[in-house]
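Taken in order, the sequence shown gives residues 1 to 159; the numbers are from full-length UniProt numbering.
You may find that some hints are simply not true.
Heads up, simulated DSS-like pairs for lysine-lysine below, C-alpha to C-alpha not over 30 Å straight-line [to be verified]: (1) Lys153 with Lys62; (2) Lys155 with Lys62; (3) Lys62 with Lys146.
Please keep in mind that the hints were generated in silico from the structure rather than gathered at the bench.
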Amino acid sequence: MSQESENSIFVADEAAMVAFGHRLAQVVEGGEVVFLNGDLGMGKTTLSRGVLRGFGHQGSVKSPTYTLVEPYELDELTVFHFDLYRLGDPEELEYLGIRDYFTDQSICLIEWPERGEGVLPVADLLLNISVEQLGRRINWQPQTEKGRLLADKLKLSDN
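Working from the sequences, and respecting the hints, build out all of it.
Take a look at the structure:
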C-alpha cells in the first residue's frame, strides 16, 4: 500500500487489497454498514476476504453472487458479506429479512449496493474501488457519524 491521501489509498496487488481489508477490520467495532463499489473484477471480494482474515477467519471466502449473502460467525460478531449483483428487485431483500442483519453485533459488507437502493440502510462508509495504473485506488467516504469515526481511524491506522 502506498501513495495515501486523506481518504484514499493505492493498492498495488491482491496482497495489498487483503492488507487494506485487514486494516478495516482493525477499526470497525460492530454495527457498521460498508458499501463496496466498483466494476466487476475490482477486488471487492478480495477486500472482504481481508476483513475476514483481520478477524481471524481462516476458511474460504467466496463471492455470494448466487446466495446474495454469506454469514461468517466470528468470536465477537458476525460479518455478513452481501453481493447484490444478481438481485432482480430491491424488494427481494425484504423476503431475506434484510433488516435482521443490521445489528450492533454485525458488520455488513455490501457489494453492488445500488441494486438494493431504497431498502438498504445508509452506509456508514462508502468504499469506491477503481483501476489505477496496474493496481487499484480505494477511496472512502463517510456517510454517518460512525462512518466519520471509521474514516479518521483508517487515516490514523497507517501511522
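Consistency of the hints with the structure:
A C-alpha spacing of about 27 Å is found between Lys153 and Lys62, which places the hinted pair at or below 30 Å, so the restraint holds. A hinted pair counts as satisfied when its Cα atoms are at most 30 Å apart, and Lys155 with Lys62 qualifies at roughly 28 Å. A distance of roughly 28 Å separates the Cα atoms of Lys62 and Lys146; the hinted pair therefore holds under the 30 Å criterion.
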